[in-house]
Every structure is written in C-alpha cells, then in structure tokens.
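Undergrad: Sequence:
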Amino acid sequence: MVYDVIIIGAGPAGMSAGVYACREKLSTLILSPDIGGQTAQSWEVENYLGYSLITGAELSAKFKEHLDKFDCAVFKVGAEVVNLKKSNGKFEIKTRKGESYQGKTVIITSGKVPRQLGVPGEKEFSGKGVTYCATCDAPLFKNKTVAVVGGGDSALDATYQLTKIASRIYLLVRGSKFKNDLDKILMENVTASDKVKVIFNASTTKIYGSQFVEGLEYQNLKTKEKEKLVVKGIFVEIGSVPSTEFIRGLVALNQWNEIKIDKHNMTSVPGIFAAGDVTEVVEKQTIIAAGEGAKAAIAVANYLSRQK
3 MVYDVIIIGA GPAGMSAGVY ACREKLSTLI LSPDIGGQTA QSWEVENYLG YSLITGAELS
63 AKFKEHLDKF DCAVFKVGAE VVNLKKSNGK FEIKTRKGES YQGKTVIITS GKVPRQLGVP
123 GEKEFSGKGV TYCATCDAPL FKNKTVAVVG GGDSALDATY QLTKIASRIY LLVRGSKFKN
183 DLDKILMENV TASDKVKVIF NASTTKIYGS QFVEGLEYQN LKTKEKEKLV VKGIFVEIGS
243 VPSTEFIRGL VALNQWNEIK IDKHNMTSVP GIFAAGDVTE VVEKQTIIAA GEGAKAAIAV
303 ANYLSRQK
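If you're matching positions, the sequence shown starts at 3 in this note's numbering and goes up one per residue.
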C-alpha cells in the first residue's frame, strides 16, 4: 500500500499532524519508537492551553486518545526509522526491524534525543545509575543522594522533580550563574528547596562505581581543582540533539542539524515536510510543536491536491 502521508514520530507534532491528516481524509501511517516524545517525559506541564496542570504522560495520552477517534491512521509504535529515500516518485521508508513502507508524502516529526556527556563511565553505568529521564527514573532514587548535570530548563525540571523524591540533590551547572532565559518559576522552586545545592563552574569529568554508580568527579572551571561527589544517581540534562541521522544528505539541515523548512513546513525536498523540535523553529515548546504539526498536515493536503 502507498499511503498519502507517512508521519515519522509521535510527539505532539506528529500526533497533531495525524489528527489533521485524518480530518483531510488522507490515508496515514505513523511510525514512532514511542508515544509522546520528550513531552511524555515532562513531570508537570503548566503552559498547555486548556490544562492548568497536567503531567507530560497524561497530556501525551490525551493526544493519543484524540487521534484514536479517527480510523484513517495506522499507528506503529516501536518502529524506529533508519532510512528515507525517494524512489519512482514515491518515498520509501525502512525501519530498524527491516520493515518497508511507501508514501506519497512524508512529515518528519522525529524530535530530539538527549545529549550525552561523553565522559569516562557514562556508557558503562547507563541504566545503572546514569539516566537521561527524570520522569522515568526519579522514583528509583527515593531518599537517596543524586546529582543533576545541566544548567537549562530541563535540568531545573529534573531537579524540581527530585526534590519530591531524593534526600539530597547536587545541581552541577557549567556556567558561573543561571542563564537569564530560564523558566523563572522553575528556578524559584529549585533554589528555594533546602534539599538542593547548586554548584556553578562545574564540568563533569568522570563517573565511577562498581556494579552501580557510586559517584562523579567534576572540575571547578575557575580553580581547575577536581572534586568528587558521592551519589547514587546521575541525571544528565544537558540538552538534546535532533533526530535527523536518517535524512542527512537528503534534506537541507542547518548548522545544528535541524531541518530547514519554509513557512508551509516544506523541506528542501518537495513532498517531505517537517514539524516540531526537529526543525529550525527556535521555540521548542509542546504547544508550538502541536501547532506546527497541524500546519504541516494542512500543507500536505494542499500539496497532494495540486498533484492530481
């Protein structure tokens, strides 16, 4: 079967695109390794219109519930796309499991994945105390001492989550102070907690342990001295990178490997559209991603009508 549109990714952009594609009566296939993307990992969402307070997992479930009301979309969870190419006027997609699908158009909403520290011990202890998802793993560290590495909103969010679970949290910030563009309420909640100790000018250099994490080493960027922290868990929150490996060399990317799009969400390749955090749109917010997904689906419908 050749689908009218194949959507890669099922975060807010992908599921919103799915809803709008179905409303346009387009045969739709959604391929994604998970449901909700980074939104599903958010502890509390307070800025999505219609919900004064909702968890990311709950909001993602609402998106999926809405999409499920339409019978035009085929949803394949656990499908990681590894290749996308144009063949005989159609787009061919292959997954890591070896499955192959064809579509007249594609909407890429693959989002971003967590950036790694790249220090000794990180890979060795991944899943053994080193984690990239506070929402997923924070409950494992009840009444324990942990460290959060990062200085952005995601690090603040992780730290805030942990104040309700862990006994002590070290927040390691590489800069000499917090950035001015951070979420002010999050920052206030974190700095007001007596469980949190913020360490500025801290660059993590090593993670150590035996079977599980036992601590980390960091360098003070001002004094150049190295210090150790005894912790049971390390939450790496240093940003993310676009999931664009499977389309590099096919569509135009910017210097950060984000997909370049026009005002109609079209990429440099006619028939391939993109939306959400994987694109060059500066504001990385759930509500904006959802709107961009809707735009992309409408653009796809218009594109297909012109091809007839």
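Be aware that one or more of the hints could be misleading.
Lysine-lysine pairs mimicking DSS-like chemistry, simulated, CA-CA at most 25 angstroms apart [to be verified]:
| hint | residue 1 | residue 2 |
| --- | --- | --- |
| 1 | K88 | K66 |
| 2 | K197 | K208 |
| 3 | K106 | K130 |
| 4 | K99 | K88 |
| 5 | K87 | K114 |
| 6 | K88 | K226 |
| 7 | K181 | K146 |
| 8 | K230 | K27 |
| 9 | K114 | K125 |
| 10 | K64 | K87 |
| 11 | K92 | K106 |
| 12 | K71 | K234 |
| 13 | K226 | K265 |
| 14 | K96 | K66 |
| 15 | K71 | K88 |
| 16 | K130 | K144 |
| 17 | K66 | K166 |
| 18 | K114 | K181 |
Computed spacing ranges between beta-carbons, pair by pair [as the list claims (entries may be wrong)]:
| hint | residue 1 | residue 2 | range |
| --- | --- | --- | --- |
| 19 | K208 | Q287 | 30 to 36 angstroms |
| 20 | K92 | E216 | 49 to 55 angstroms |
| 21 | R308 | K99 | 30 to 36 angstroms |
| 22 | V76 | K197 | 22 to 28 angstroms |
| 23 | L51 | V76 | 26 to 32 angstroms |
| 24 | V4 | K228 | 55 to 61 angstroms |
These are calculated hints, taken from the structure and not from any lab test. Small disclaimer: the values here were computed from a predicted structure and weren't measured. The beta carbon of each residue, even a glycine, is placed where N, CA and C say it ideally should be.
Undergrad: If a hint holds in the structure, say so; if it doesn't, say that too.
TA: Hints, one by one, checked against the model:
no.: 1; hint: K88 x K66; in the structure: violated, 29 angstroms
no.: 2; hint: K197 x K208; in the structure: holds, 24 angstroms
no.: 3; hint: K106 x K130; in the structure: violated, 43 angstroms
no.: 4; hint: K99 x K88; in the structure: holds, 20 angstroms
no.: 5; hint: K87 x K114; in the structure: holds, 21 angstroms
no.: 6; hint: K88 x K226; in the structure: violated, 52 angstroms
no.: 7; hint: K181 x K146; in the structure: violated, 28 angstroms
no.: 8; hint: K230 x K27; in the structure: violated, 59 angstroms
no.: 9; hint: K114 x K125; in the structure: holds, 19 angstroms
no.: 10; hint: K64 x K87; in the structure: violated, 32 angstroms
no.: 11; hint: K92 x K106; in the structure: holds, 5 angstroms
no.: 12; hint: K71 x K234; in the structure: violated, 44 angstroms
no.: 13; hint: K226 x K265; in the structure: violated, 47 angstroms
no.: 14; hint: K96 x K66; in the structure: holds, 24 angstroms
no.: 15; hint: K71 x K88; in the structure: violated, 31 angstroms
no.: 16; hint: K130 x K144; in the structure: holds, 15 angstroms
no.: 17; hint: K66 x K166; in the structure: violated, 28 angstroms
no.: 18; hint: K114 x K181; in the structure: holds, 22 angstroms
no.: 19; hint: K208 x Q287: 30 to 36 angstroms; in the structure: holds, 35 angstroms
no.: 20; hint: K92 x E216: 49 to 55 angstroms; in the structure: holds, 53 angstroms
no.: 21; hint: R308 x K99: 30 to 36 angstroms; in the structure: holds, 34 angstroms
no.: 22; hint: V76 x K197: 22 to 28 angstroms; in the structure: violated, 46 angstroms
no.: 23; hint: L51 x V76: 26 to 32 angstroms; in the structure: holds, 29 angstroms
no.: 24; hint: V4 x K228: 55 to 61 angstroms; in the structure: holds, 58 angstroms
When each numbered hint is compared with the structure, violations occur for hints 1, 3, 6, 7, 8, 10, 12, 13, 15, 17 and 22.
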